[in-house]
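**Student:** Kindly generate the complete structure, drawing on both the sequences and the hints.
Sequence order for the protein chains is A and B.
The first sequence stops at residue 110 when you use this note's numbering, and every number in between is there.
The second sequence stops at residue 1111 when you use this note's numbering, and every number in between is there.
Everything hinted at is true.
Computed, partial: chain A to chain B, Cβ under 10 Å:
(1) Phe42
(2) Ile56
(3) Gly96
(4) Tyr97
(5) Glu98
Honestly, the hints are just simulated from the structure, not real lab data.
C-beta: ideal position from N, C-alpha, C; glycine also.
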Amino acid sequence: DTAVSQTPKYLVTQMGNDKSIKCEQNLGHDTMYWYKQDSKKFLKIMFSYNNKELIINETVPNRFSPKSPDKAHLNLHINSLELGDSAVYFCASGRGYEQYFGPGTRLTVT
Amino acid sequence: RKEVEQDPGPFNVPEGATVAFNCTYSNSASQSFFWYRQDCRKEPKLLMSVYSSGNEDGRFTAQLNRASQYISLLIRDSKLSDSATYLCVVSPNQAGTALIFGKGTTLSVSS
Chain A
1 DTAVSQTPKY LVTQMGNDKS IKCEQNLGHD TMYWYKQDSK KFLKIMFSYN
51 NKELIINETV PNRFSPKSPD KAHLNLHINS LELGDSAVYF CASGRGYEQY
101 FGPGTRLTVT
Chain B
1001 RKEVEQDPGP FNVPEGATVA FNCTYSNSAS QSFFWYRQDC RKEPKLLMSV
1051 YSSGNEDGRF TAQLNRASQY ISLLIRDSKL SDSATYLCVV SPNQAGTALI
1101 FGKGTTLSVS S
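**Tutor:** Given below as structure tokens:
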């Protein structure tokens, strides 16, 4: 059983395009997150949602817009993609302090 | 000063060796502490939580020193399968907030 799933696993696209990444968790957690891991492997929070409500929005360009249709889903839409957006994006969910990560989406912008 | 600092390594050790990783954090109000493991091109996975009293899970021992804001991980009798990046992780001040990750320490265990 997959606890936190993300689609797609790989995404290759050109600059200027708009793309979405989907995330679903079946753990019953109230809180979901998006993290970005850059080419230097540094993992950093982007957004956090609790019960469909945005609670953390780090310094992320407003081209990135998270959407949570229900507490089991947190999608990430990115407009006008730039070369610097190339990274691995991890979705996570948690209850309390422990978090469980999805397999990641490797985004390459050309 | 970075929020969570780790020696990036790499640490190259033979099978059976004991290896220790250290980490410091800057926010004295941090509440919870963890070690995560990340294999190449995979997601981070929780290895163990870290408590002030120290805790052990098989060959792995984690220690926390709140006064020094210092966290450690000791791996005894290293196995080839221990090769991975070990991430020191801090949770600021309440459940549900984002985790703060160190950049990770890379361990390579060879036969």
